[in-house]
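Order-wise, the sequence lines are chains A and B.
Quick note on numbering: my numbering labels position 100 of the first sequence as 100, and the sequence is numbered without any gaps.
Quick note on numbering: my numbering labels position 77 of the second sequence as 77, and the sequence is numbered without any gaps.
No incorrect hints appear here.
Just the calculated beta-carbon pair ranges, DEER-fashion: (1) A:Asn1 - B:Glu67: 35 to 43 Å; (2) B:Glu17 - A:Pro8: 35 to 43 Å; (3) B:Glu17 - A:Lys14: 43 to 51 Å; (4) B:Pro39 - A:Thr15: 26 to 34 Å; (5) A:Thr70 - B:Ala76: 39 to 47 Å; (6) A:Glu30 - B:Arg92: 16 to 24 Å; (7) A:Ser18 - B:Asn10: 32 to 40 Å; (8) A:Pro75 - B:Gly28: 27 to 35 Å; (9) A:Asn1 - B:Ala76: 30 to 38 Å; (10) A:Gly51 - B:Ser30: 14 to 22 Å.
Treat the hints as calculated values from the structure; they're not laboratory data.
Where a beta carbon is used, it is the ideal one built from N, C-alpha and C, also for glycine.
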Amino acid sequence: NAGVTQTPKFQVLKTGQSMTLQCAQDMNHEYMSWYRQDPGMGLRLIHYSVGAGITDQGEVPNGYNVSRSTTEDFPLRLLSAAPSQTSVYFCASSKTGPPYEQYFGPGTRLTVT
Amino acid sequence: KNEVEQSPQNLTAQEGEFITINCSYSVGISALHWLQQHPGGGIVSLFMLSSGKKKHGRLIATINIQEKHSSLHITASHPRDSAVYICAVIKRGADGLTFGKGTHLIIQP
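So that you can see chain B by itself, here it is in the shape it has in the complex (with noise of 0.2 Å):
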């Protein structure tokens, strides 16, 4: 079983709405962080969370410590927003990241 888990694996919407994208993890971490990969491959790091919730612009970022889980929200969802969305840990004494298999997102006109 993976260390870190994503859901949904693949999610097509409508422009305008929530987006939620789910990251569960079973070890312990130090940080986690969400990362955005463009279409054309370019890879660009949204967060890095240790605790609570952090905001930028349409982009919100939540942990549970306790539950092992992080969920990432897009407000009012645009087709821009289209990209492969990644959640990765720091395990708690590694020097690395662990790796999600990430969520493809599509919002649709």
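Bound conformation, chain A alone (with noise of 0.2 Å):
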């Protein structure tokens, strides 16, 4: 059982480069969830999917967007990367939604130049 994996674990970006964060769960988890960290600020939602299929805007959804085609996999894409997107990010996945129980990834750290 790997939990969460997240791909890459580091990357830089050109501003107004695209790119796609990857996210797996093989937990058969319903619930997953992205989430950016900040210094001084805290985690904040992305967005998040309480199912194949479905997905919805968290706190913070501006320049990002996500889909969700298997149960497995959640992948962020960022269209057009800006400075103000640099950050780490989280995936995270829960057996349901809301999220009672949240199992993290190992994050990754985005730079954007």
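Got two chains here, separate frames each, mind docking them using the hints?
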């Protein structure tokens, strides 16, 4: 059981580039979510999904897209990266939503120059 | 004003001391989480509470729904307890977590 995996661990992008952060879980969890963590701000919810085919916006969704075509995968797309998106991104999953017990991935550190 | 406030922001203590970290929130909630973020960055869920008290090893979490307050206690603290402790709530009717900014705990040998 790998739990929640995220790739890549580190990424540097130039302003305007696009990329996808990958997140996968092998626990058959229905609920998955993406958070960003910035110094002095704490974690903030970007997008979440309560099951395959269903996604919704969190607190800070602008500049990010998500899709959930399978139960296992929940990729986060940056459409046109901006320096304000420099952050550490965490994916998490929970058996059901709301997230009564969450399992976090190891994080992706993204720098946009 | 943040909906979830933690205190203190930073705490340094000696090994063996009893530690208390506080979390106050200003919204109606269905549950509250305590999380631990290791120095390497990984986040682990410690407790999920909707009432009363939970204990796991040297960690104890309590919640008072009427006062909108929760505490995380660490007994016989150890340097390996050094981490950031994060309080997060599930607002009533919501599907996501709202987080406090964390308490940075250092336990010195």
